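Since chain L is already given, all that's left is putting chain R on it; use the hints.
There are 2 protein chains.
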Amino acid sequence: MGQAPIGYLLFAEEMNYNPEDSKWANRDRFVLSSGHGCMLQYSLLHLAGYKSVSIDDIKQFRQWGSKTPGHPENFETDGIEVTTGPLGMGISNAVGLAAAEAHLAAVYNKPGMPLIDHYCYTIAGDGCMQEGITHESASLAGHLGLGKLIAFYDDNGITIDGHTDLSFTEDVGMRFEAYGWQVLTVLDGNTDVAGLRDAIKQAKACTDKPTLIKVKTIIGYGSPNKADTHDIHGAALGKDEAAATRGQLGWKHGEFEVPQQAYDVFRGHAAKGASKQAEWNKMWAEYQQKEPELAAQFKRACMDRKLPDGWADSLPKLTPEDKGKATRLHSQDCINALASVLPEFMGGSADLAPSNMTLMKCTGNFLKGSYAERNFRFGIREFGMAAMCNAMSLDKTGIIPYCATFTIFSDYMRSAIRMAALSQAGTIFVTTHDSIAVGEDGPTHQPIETIPSLRMIPDLTVMRPADGNETAGAYKYAVERSKNESRPTFMAFSRQALPNLPNSSIENTFKGAYAVIECADPEVILIGTGSEVHVCVNAAKEGLAGKKVRVVSMPSWEVFRAQPASYKDALLPKNVPTLSVEAAVTMGWGEWAGAFVGIDCFGASAPGQTCLDNFGFTSANVASCAIRCIAGERGALSNGSQGKH
Amino acid sequence: MGQAPIGYLLFAEEMNYNPEDSKWANRDRFVLSSGHGCMLQYSLLHLAGYKSVSIDDIKQFRQWGSKTPGHPENFETDGIEVTTGPLGMGISNAVGLAAAEAHLAAVYNKPGMPLIDHYCYTIAGDGCMQEGITHESASLAGHLGLGKLIAFYDDNGITIDGHTDLSFTEDVGMRFEAYGWQVLTVLDGNTDVAGLRDAIKQAKACTDKPTLIKVKTIIGYGSPNKADTHDIHGAALGKDEAAATRGQLGWKHGEFEVPQQAYDVFRGHAAKGASKQAEWNKMWAEYQQKEPELAAQFKRACMDRKLPDGWADSLPKLTPEDKGKATRLHSQDCINALASVLPEFMGGSADLAPSNMTLMKCTGNFLKGSYAERNFRFGIREFGMAAMCNAMSLDKTGIIPYCATFTIFSDYMRSAIRMAALSQAGTIFVTTHDSIAVGEDGPTHQPIETIPSLRMIPDLTVMRPADGNETAGAYKYAVERSKNESRPTFMAFSRQALPNLPNSSIENTFKGAYAVIECADPEVILIGTGSEVHVCVNAAKEGLAGKKVRVVSMPSWEVFRAQPASYKDALLPKNVPTLSVEAAVTMGWGEWAGAFVGIDCFGASAPGQTCLDNFGFTSANVASCAIRCIAGERGALSNGSQGKH
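Chains L and R supply the protein sequences, listed in that same order. No gaps in the numbering here: position 512 of the first sequence is 512 in this note's numbering, and each next residue is one more. No gaps in the numbering here: position 618 of the second sequence is 618 in this note's numbering, and each next residue is one more.
Any given hint could be a false lead.
As the list claims (entries may be wrong) - Footprint (simulated), chain L over chain R, 3 or more residues, beta carbon under 8 Å: (1) 65-73; (2) 150-161; (3) 174-181; (4) 583-589.
Said to hold, decoys possible - Which chain R residues face chain L? A few, computed with CB under 7 Å, are given here: (5) Gly132; (6) Glu136; (7) Tyr412; (8) Phe602.
It is worth saying that the hints were derived from the structure and are not from the lab. Note that this is a predicted model, so its numbers are computed, not measured. For every residue, glycine included, the Cβ atom is placed at its ideal position computed from N, Cα and C.
Only chain L is shown next, with the shape it has when bound in the complex:
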């Protein structure tokens, strides 16, 4: 209710949008970062004429199967750009949307033909301002000078606990000035519509900085007894107070009764948006004439959102004779191969580019003045980075975003990884240094539970490639999944060199698991992932010589799970003793194996190979555990505890 005037201004006066085509590339974007106030957004979409939100949908607010869930969900309700609710994520998404706009404008706009030229608006509350993620993304937005980002800070002074005096007395405006934003203030956001209008004008006039419009509002404005209290934060007004509020606001209409005049205002403005899209279509026709090459690229990459023919041919192919190297280096090869053939492939690292090996050589840095370039320098801002990348995918202009950090620091952005999966964002998470083989940096930097715990996130695919071909397979999978399905993939690469394996290939990677050493009638099956597959191969060749051993590489649980039962049963027959080998916790491996080699404790600071040796990831230990497995032992046969000093 406090944000209603802002919502009115945006949807009835300022924003260019067309409810008939919610994916029009040049639409203005809107993100309600304070997602718990989603009824505002549903009301605006309804008033504006989006078919996704009927008055019946509004009546079904937060009910099973409704299009009006308790927080805005882009995958449920057409017209919503991103899913919000987890605080700070939305405004960080908005930074990503603004970055996407800046990039596409720099690449595609030509004199007189501004193909991409729109604003990104967001409304954020006190919660968003307190969350660390907002610091990360706002600092980066200021650094990048994203002038078309306009954020309203709904400064109502109330959070769930009570008045912000309890916990939040910083000078938010000063902070954003320190980030390099323009900061404006509207003192009465509840009634001063002209002041809000003027602030938006000033925001648009400032083209080299994002703008924060600090709007003093009263939460629950109009409610005679509950306005300006935290009672109204997450709770409904109640029947009596709703009636009293109608009285105070002079609103003569009943529940769910919308006067035609209100529809007329919003739909009149929406019609202007449709006209603008019609004009844009004309310009687009002209653009196709004058800039046929760029137009073809824009049509394929951004409008049709299709991958070009033969794109995957660029990915490297290796044989066991090729010298082994770290999968993070194979990842670098893949990134650079893709960068050349996919202009929509862009991203970067949270200040670990030289470690993550994520720099694209064919393009420069995406910075103020060089928005056409594609290497993002996210800074040490994992969470903000991931939320930005999610939004670059959800921008629906075909961008394939990737972001990188050490595997362990996926914990810093875990909520954004989850949101990628939930909100169907095609973010590619590139992580390196994926096990205790990190070595010297020690247990703070050594993933143990990290990769297995990510496998638990619904609709996320986790890939841990074992060599060059699996890395190429992982990228092919991740890019297709991003572009064609708008779904995320999480990849984990090794710091250390690994040999190229027999039988590995892009095709086999797409099966999720396959035999690297085949054996018709095995006594035991060893399943490895990533850097442990070659240890299993060595165990099969050395300590298990004479035994009938199948070695399976399983780069992805999720992909394997989706294979036909016949393939799964043939590869991992239920009656054959099976041992998993992964430098991670053993929990969960019972789905595929009866016995496990893993590490159920924290690692240690020492050279990587020393860690692997001492925690049991040697071919000798794997062979010995395999023999125990053949003999009928089950459970965690080796879990790292013997290595603890």
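Here is chain R on its own, set in the frame of chain L:
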């Protein structure tokens, strides 16, 4: 190398510490937030005379079993207060240490007897300043006016990617002023020791604000070829450059050769610290005379760090006849019971106190001017909150810290939860709204993988109580684990009401799992956790009437895992078909059961009971799955997918 003058000043001039008693309650605290520079800290500890770091230890830098791992680890190296490495965590820990100081000083200090009166120093780098967690904790530190917190910002302009111009151009000083900090600048941190000294003096003079001392340094200062480059960020100088650096700095000594004069300076200062402790001991003797009651409390709670006799008697006990309620409400009862008998029990919520039910009624808000109170108002700052609480435990003054948020938002602080487990901090994580029964807020707020994924973190105990007695048991366990073992516990409570179960008790909770419905020779065993246990009980009574059914409540996997094999085998015999029932992903349940009822997809926005019904958490569905389990079916018999609309 750039931070050496700061290190010298702190350890040779400013700080009060005693290497002979590293746990002296009134020592000054030091946190190296930029933990990758840990050799500085090891050198300082060695020079100061801590026995934990010999010159041989320094030679063993980052080697297996050494006391000098790649990042500072409090659990490896005496004299280190907190484990750092994950950026931003250390400075946030420092805020927690300063909060602990402020609280203890307010509670215990008496005129002329300042029992607790020390500073907390930290050195943070660009990475810390970019991370969102630092925003959260620094904003709160400013709000709280923690005047004894002195943070050095090592402004060397270099990160791993290169110069900070690439990604980080905000005005950090201005930002901290916006937080309410005093901000000072030393322009030449490499040689202007007097300037640094003066800045510390000014910092100490400002008693109502934390101070940030921005120190311009040159990374790798003294290295003729690598100073001021990112090549030196994470890599060793190399032999030649080390020699050249010695030359440039005029250092005539060999590798690992420390001139006696250097030892004399540091150890002379350390001796002064020992004298100060001796003086403190005299004051303490006087204090015990004059303030016997408070002294006894200080001795028990802070010095001996023991729980008082009979403290656990305060916890509620319930019977199945007691009206059921949400476990978050039982949690509130426990928190308030503990608050009355444990003055060292303190904490709060990240702005969800009225939802998490975490407010202690017997004490007020910990705010500027009321530091003696114990309710923290952390604001919407989960990650900063958790890091602060970790530090309050690692302060080693006996504080039992708790922090709260929705279960789902543990993702925001996951790295700090991991660090609690790794660094042996006794933080109690209180989370509520632990399943899809959250209801209307929808999938962004409904934990699916959250609880199972936390069970993967080594050395963390996860508790999901089913009723009032299990909640009391969880608190008894968590408090003992915090106080006696300095280890963390994560708790997840329901939003919705749950009945009190037969056979539940504190004692049974301490077994991790136990029968709520016993059956001598069961045909099937149902294992539930939390809100699903009573569903299992109902299934046993209704749909499975006539079958021999044991129902097991398993509040904690970790606790159960630690029981004797005989107990575990008797409760869950391998040959009895066993079905797990938990409103969470099924991955991992294979450790205890052969068949599962769970939810392997995201939830939906609808009333909580509707979600539970539609996703299969009904006694009818559980009974039907149990019958399939008896018939030999295995795997996820119900995983929520049938509920998706």
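Hints, verified against the model:
Check on the segment 65-73 of chain R: 6 of its residues sit with their Cβ under 8 Å from a Cβ of chain L, so the three-residue criterion for coverage holds. For a cut-off of 8 Å, the count of residues in the segment 150-161 of chain R with a CB near a CB of chain L stands at 3, and the three-residue condition holds. Counting residues of the segment 174-181 of chain R whose CB falls under 8 Å from any CB of chain L gives 6; the rule of at least 3 is met. A stretch counts as covered by a chain when three or more of its residues have a beta carbon under 8 Å from one of that chain; for the segment 583-589 of chain R and chain L the count is 3, and the coverage holds.
Checking Gly132/R against chain L by beta carbon gives a least distance of about 2 Å; that is within 7 Å, so the hint holds. Of the supplied interface hints, the one on Glu136/R holds, with its beta-carbon coming within about 5 Å of a beta-carbon of chain L, less than 7 Å. The beta carbon of Tyr412/R is positioned within 7 Å of a beta carbon in chain L (closest approach about 5 Å), and the interface hint is therefore held. At a threshold of 7 Å, the smallest CB-CB gap from Phe602/R to chain L is about 5 Å, leaving the interface hint in force.
Checked against the numbered hints above, the structure breaks none of them.
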